[in-house]
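Asks: Listed here are the chains, written in short residue letters.
Number of protein chains: 2
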Amino acid sequence: MEIKNDEKVKVTFYPANKSTKVKKGENLLRAAMAANVHINASCGGAGTCGKCKVRIDSGEVTSQITEKLSDEELRENFRLACICNVESDLAVSIPVESLLDKSILERKPKKVISPILGVAKLCSLTPECQTESVVVKLHLELPKPNADDNMSDLDRVSVALKKQYELDLPSTDFAVIKKMSKILREADWNVTATVVLTRRGAKLINIQKGNTTCCNYSIVIDVGTTSVYCELLDVCKGEPIASASNYNMQISYGEDVISRIVYSQKKGGLEKLQERIVSTINGIIEEVIEESGVDRENVTHLVAAGNTTMTQILLGLDPKYIREAPYIPVANFIPPVRASSLGLNIENNAYLYTFPVISSYVGGDITAGVLGSGMFLRDELTLYIDVGTNGEMVLGNKDWLVTTSCSAGPAFEGGGVKFGMRATKGAIEQVRISPDDHEPMILVIGNVKPKGICGSGMIDVVAELLEVGLIDQSGKFYRDKNLDRIRKGDTGYEYVLAWEDETQLTRDITINEVDIENLVRTKAAIYSGCVVLLNNVGLTFDDVDSFIIAGGFGHYIDVERGISIGLLPELDTEKFTFIGNGSLLGARLVSLSKDMLTEASKVARMMTNIELSNNKMFMDEYISAMFLPHTDLSAFKNTMGRLEKLWDRNNHIEKGDDIEL
Amino acid sequence: MEIKNDEKVKVTFYPANKSTKVKKGENLLRAAMAANVHINASCGGAGTCGKCKVRIDSGEVTSQITEKLSDEELRENFRLACICNVESDLAVSIPVESLLDKSILERKPKKVISPILGVAKLCSLTPECQTESVVVKLHLELPKPNADDNMSDLDRVSVALKKQYELDLPSTDFAVIKKMSKILREADWNVTATVVLTRRGAKLINIQKGNTTCCNYSIVIDVGTTSVYCELLDVCKGEPIASASNYNMQISYGEDVISRIVYSQKKGGLEKLQERIVSTINGIIEEVIEESGVDRENVTHLVAAGNTTMTQILLGLDPKYIREAPYIPVANFIPPVRASSLGLNIENNAYLYTFPVISSYVGGDITAGVLGSGMFLRDELTLYIDVGTNGEMVLGNKDWLVTTSCSAGPAFEGGGVKFGMRATKGAIEQVRISPDDHEPMILVIGNVKPKGICGSGMIDVVAELLEVGLIDQSGKFYRDKNLDRIRKGDTGYEYVLAWEDETQLTRDITINEVDIENLVRTKAAIYSGCVVLLNNVGLTFDDVDSFIIAGGFGHYIDVERGISIGLLPELDTEKFTFIGNGSLLGARLVSLSKDMLTEASKVARMMTNIELSNNKMFMDEYISAMFLPHTDLSAFKNTMGRLEKLWDRNNHIEKGDDIEL
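From first to last, the protein sequence lines stand for chains A and B.
If you count the first sequence from 1, position 430 lands on 430 in my numbering, and the numbers rise without skipping.
If you count the second sequence from 1, position 37 lands on 37 in my numbering, and the numbers rise without skipping.
Chain A extracted, bound-state conformation (with noise of 0.2 Å):
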């Protein structure tokens, strides 16, 4: 499940003589961080600090213009990393003054998986797949009426349906049968037919004038609590073209599911929320129709995952029996509705289509997911999690699956964190921390200056303040640590990731104990769901073949530091992939493959839920997991052994101790 990326080149920096292949054309301080080599780079790679200064000594790289440098430092082929591109196999040497990475130990490189599958990649997940969309668009030269051939508009276009395509035609949008007589004729009778293709046979859904069967697009959603994530796709070519995404504006009605329950029950609360959300996803179609320059009427059709909460309030559909034991959603799968119909700002003939739920509480974002990573296709033993506000996790192959969820909160999404955002422009999305003087190392989303810090940012903080030892297994931060970086601020000690005049913002970007509880329990309840799960069908986290993440980390996760605080088992790294926005994924399939949809309700069909509220093995592990990263040490008995390793060293080094590099 290795997925290939593109030409790529070899960069080798020196003195430490480490070397890691990147993509052409990759940030040189990103392939720094891949190569585990610190520089410093306090303004998360916006060109403004000056700091990440390196020399050029062989190879071509592309760079934008700074101030930061000299005329003889260019001469000199002096460069600063954050704003320099690689474009051949490089050397670089690193001064003194951007070098402090004299003792990080060796580590594996980290798993880096593109953030956005195409059909090529999609296929290499589920190579079964076809990829033929669920609404194609159809070109027809129709024979012109005369007096010997004068059938109807409609047969006419049903006739040349049947000899062109061989398709036969039993229903007609009433929209397409209202506007196709001026379309044939304006257009000369050389018009395009936009048609869904369903088991039961195809569904005429538009007409056009011309030839416009390159012109197929659709818009993917994931409908989460407390994010919507949108892609625009070019169904023809199976890629995503723009993408865009925001909050759920249901947000100020509350956190999680169950309180937008209750808001949904007070009158004309469940209008709001819809308004809401739909409002919420119009905002971000705008955008996406806006950067990719489609017209909205090629955009033949939508396709949403989201929980079952926020699928029924989206559609309109009381939730209210979702919270009320024995929890009974509506249905488990809706038939498309008309987009337009729930107010989404998108042409009258396109349909929306959103996934199989499997219950109240596991919904169609993980049918989405378990579709998209293919684990229903396969012989080996797949665990798959979706780390969201809401925590779901599958475990089987293509023979059984069996689910659960578990209230994981909104912390790697952002919420619950001081500084927490989503993985956009802006979000520190990696982080190293220097063992020796405890300094930064960030990359920010965009290469820009810092606002916050995403998922994936979140995960790679508290690993590195665990690694140097600046916080305890508790995560409450040493209070013998004299640092400008530590210190009590309003709400409890904290360390400063970037300060005030390397941010976009007035004020420093720190993470606190707070935020780090947060991510804790977060952290905890993925954790023990897995164990629950597998303890269920009586096996356990070595018997797992492959364990793939999905998530609203950001564009990469690093899997060691996922380990390192409990979030991930303790295997194999390989065993591992990360697949990004799980519903994406599989929203992605749906549209650009019609036997998709029809895998979708077999996806539904197969899982069986296992419910984890009131469950007292849950609890246990939960309580056990509220540590990192974990109070089962046997468990993480690598990860300990190489963490005692690292605090030993920075022991001594903290006390002066000469030790070899």
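Don't take each hint at face value.
It does not matter which identical chain is used: a pair holds within one copy or between any two.
To be verified - For lysine-lysine, the following BS3-like pairs were computed, each having C-alpha atoms within a straight-line distance of at most 27 Å:
1. LYS178 to LYS267
2. LYS320 to LYS144
3. LYS602 to LYS178
4. LYS203 to LYS602
5. LYS425 to LYS51
6. LYS203 to LYS178
7. LYS266 to LYS179
8. LYS476 to LYS418
Hints were generated in silico from the structure; no laboratory data involved.
Keep in mind the model is a prediction, meaning the values are calculated, not measured.
Could you slot chain B onto chain A? The hints should help.
Replies: Leaving out everything else, chain B in the frame of chain A:
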């Protein structure tokens, strides 16, 4: 194809000694009309003129109270025929003052067919049809959910439909999904599902509390160019329980389809026309809902039949290309449309089915008529005519069907006739004129004072004026008759059918030469259309086994008088069947039998259309038919023989000759 009525009784009139069998409960004046016995009756059966005094010699009648009879007359068993109902076999004496019928020659009794055909009667025309409605209601007693049985609400309903009724549910109306959860619980899981049965499976369109299976109603609609008729059917009992009609409010935008199409091309024209027909139907729906007392929510579906232009305008489909060569309708088959989406004032869950059209000028009304007549099921050769503003004819049997249409004018629906009106309360529907004193005997729908004359009355009055020698064969009044009732009015010569004080109006009800000319145009178009249609397949009237007449003439049609004026060909009267409103008959069938929907499509596909516009033979035939009964006397040999005998006799009476009765 004889339609059986309920219990019959025999009524014998003296001194003429003429008998007839009538339905028990029949009005005695109508019985006299059926027996061809003339009784003075100028108030149309309202009981106000007191002229129709008769004596009941034996048998039982029920009668309304009247001041027109003295106590002594009552004791002597005198009654007013018009307000008297036959309850057993009767012997009735007509006193001299009431009896003017000294001279009418023996005539065969006309064929009287009940204006309303229930399911049993429908089956006599189409015995092959099943009677399960296209929309059924099914009672469900659902198991209550619990922790071990927590499937979704929709699944619970689906499983019950499968278990209780062996029904697979491939789709569900989204509105049902939306309200389902609340209703299931409020009804304590005891509900009624409304399900549409289609060829592609069942669709759930409503869910109601408790058992409402006995409340399943439909509304069938004849969307005519001039008039709109609705019936509310009790689907369970298979019979109409209310009916109403009105003029199509589009009339102010043009009398025929062409002028409507022209208007539709003006800015906002189509929307205006659609709004008009929707308003018309809404008004009529209001009437049938009120009359029946049915809960609007229990109207599960609507079926409409209309010509192509009316169908398209009702659905908001631009009729532009119906009028432009090569005359293309938008679609032959239009899928069911949510009635409320058109503006029809009916619950959201009900769909409107429209009849498939054959071509731009042969519409769904014809498909409906052919379906209702059952002619497509039988071996015998049937000629079907539907006399509306557009006259339509279909010829064929179970193997083939040819059809044509022509502009007939609205004369039979009251258009272009000074006192013309639809066949509703107050319309003169039957007329006899005494050959002796040329006094009329009229019967009015609803037994009230007349306010106009409907189609069947028009046929009668023109035939009678011709038979008693008041008009000549070109439809002009003889100028030499010295009668109060014949005079020169504003629009030329006219005959007074009812004097002002005998009417509901403030003026005399008359028929004038322009009225007669319009009627002659209509009958000429119909007759010549039939001739050309037969000729087209090498046949003549003699080959026709069965002649089915549809149209809004009234509750009855007098076949013999239809022949007298040359509307109908001179065939054995046994061959004729009058089915009343053909569109409604077909619409009822589709509503009551799901298989009929499929049959309607089959019928539409079977028909071959013959174009009459620019057809030279049709023009020639039309000119020839502009005469009473026809210029081709060989085609009306018996009729001419009879007429000539009558005229001869009338001349003798006028001259005062003593002739034998």
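Asks: Hint by hint, say whether it matches the structure.
Replies: Evaluated hints:
1. LYS178 to LYS267: Classified as between; 17 Å across copies, 38 Å inside a copy.
2. LYS320 to LYS144: Between copies only: 17 Å across, 56 Å inside.
3. LYS602 to LYS178: Answer is between: at 24 Å across copies they meet the 27 Å cutoff, but 36 Å inside does not.
4. LYS203 to LYS602: Answer is both; intra-copy 23 Å and inter-copy 21 Å each pass.
5. LYS425 to LYS51: within (21 Å within a copy, 99 Å between copies)
6. LYS203 to LYS178: both (15 Å within a copy, 24 Å between copies)
7. LYS266 to LYS179: Close across copies (17 Å), not inside one copy (42 Å); limit 27 Å.
8. LYS476 to LYS418: within (16 Å within a copy, 100 Å between copies)
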